[in-house]
Each structure stands twice: as structure tokens, then as C-alpha cells.
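With chain A's structure known, arrange chain B on it following the hints.
Protein sequences, first through last, are from chains A and B.
Each residue of the first sequence is one higher than the one before, starting from 34 at the first, in the numbering used here.
Each residue of the second sequence is one higher than the one before, starting from 34 at the first, in the numbering used here.
Chain copies aren't distinguished; within one or between two, either way the pair holds.
Here are the simulated EDC-like cross-link-like pairs (lysine to aspartate or glutamate), alpha carbons at most 16 Å apart as the crow flies:
| # | residue 1 | residue 2 |
| --- | --- | --- |
| 1 | Lys88 | Glu37 |
| 2 | Lys88 | Asp35 |
| 3 | Lys117 | Asp65 |
What the hints contain is simulated information worked out from the structure, not anything from laboratory work.
Small disclaimer: the values here were computed from a predicted structure and weren't measured.
Okay, here's what each chain looks like letter by letter:
Protein chains: 2
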Amino acid sequence: MDKEFFGYFAAILTTVAFLPQLIKTLKTKKADDVSLITLIMFIIGVLSWIIYGYKISSLPILLANLITFILNLLILISKIYFSKR
Amino acid sequence: MDKEFFGYFAAILTTVAFLPQLIKTLKTKKADDVSLITLIMFIIGVLSWIIYGYKISSLPILLANLITFILNLLILISKIYFSKR
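Just chain A, with the same shape it has in the complex (with noise of 0.2 Å):
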């Protein structure tokens, strides 16, 4: 198979594999045993791949990871939003 499929299979899978998380928090309105250390630590992670995607000029890098950003960040926020209630 293209070596090239695989990139891209991975790209999109490790990208929208938040959302389950995401809708799982929002539905459950908690995530207590979701490790705050975790999504800070891959948070500051995926914007650092962002800040290289851009400047090594790779759109597939930058828009994968803005995705995965945004999903976590919302992920982050809504557990402790929810931890607060």
C-alpha cells in the first residue's frame, strides 16, 4: 500500500480521536479521571507542532494539529468547568 496512505490515515485518526472524548465529557459533564497533567502537557505539545508545521511550511502538520489543539482545549475547559460545579 502507498506509503503515503498511511501518513494520512494517521494524521486523521490521531486528529479526530478527540472528539469521542470531547462529546463523552460534555455528555457525562465530568472527567475527573481524565489526567489534567496529560492534556496541559499535550496541549503546549500539539501547539509546538503547530509553531514547527508553520515554520517548516507543512499545511498537513499546522491543520492536523490546529484540530487536535482545538479539541483538547476544549476538552481542558470543559473538565474544569465541570469539576467546578
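Leaving out everything else, chain B in the frame of chain A:
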């Protein structure tokens, strides 16, 4: 700052980020709030990154995703194990 710095920084952070989640899950003996669908999709995605890294002969992509794969597989196994007790 050197653009490669952001790449390595990003790779390290988005890899090591899953260690606190694993530790938290093992400590609290539960991961009910962690989405099963997210874990499965993410693991398949990371596995595709490993295949991609191998196919394009990129050791950084291969190594980083191998660690991410192991950590997330352990989180998945822990989640299933603790949910059945």
C-alpha cells in the same frame, strides 16, 4: 529559535504526556471518564504513524509513536481491567 527545536520539543511532549494519565489510572484504579472510542481510534492512528515512520525510514516518527503506542495501550488495558472489577 531553531525550527528543529520545536519539532523535538513537540515530539517529546506529545509522547511523554500520556505517562501522567497512566499513573493516574493505576493510582485511582479507574478510567471511566476516559473515552474508550478515543483510546481505540488514537491507538490505531499511532500504529499507522509507526508504519508510516518505518516506510519513510524516519526514526524520530517511529520511536516517538512507539512510546506513545505502548503508553496508550497500557492505559487501554488498565481501563478495561479496572472497569471489570
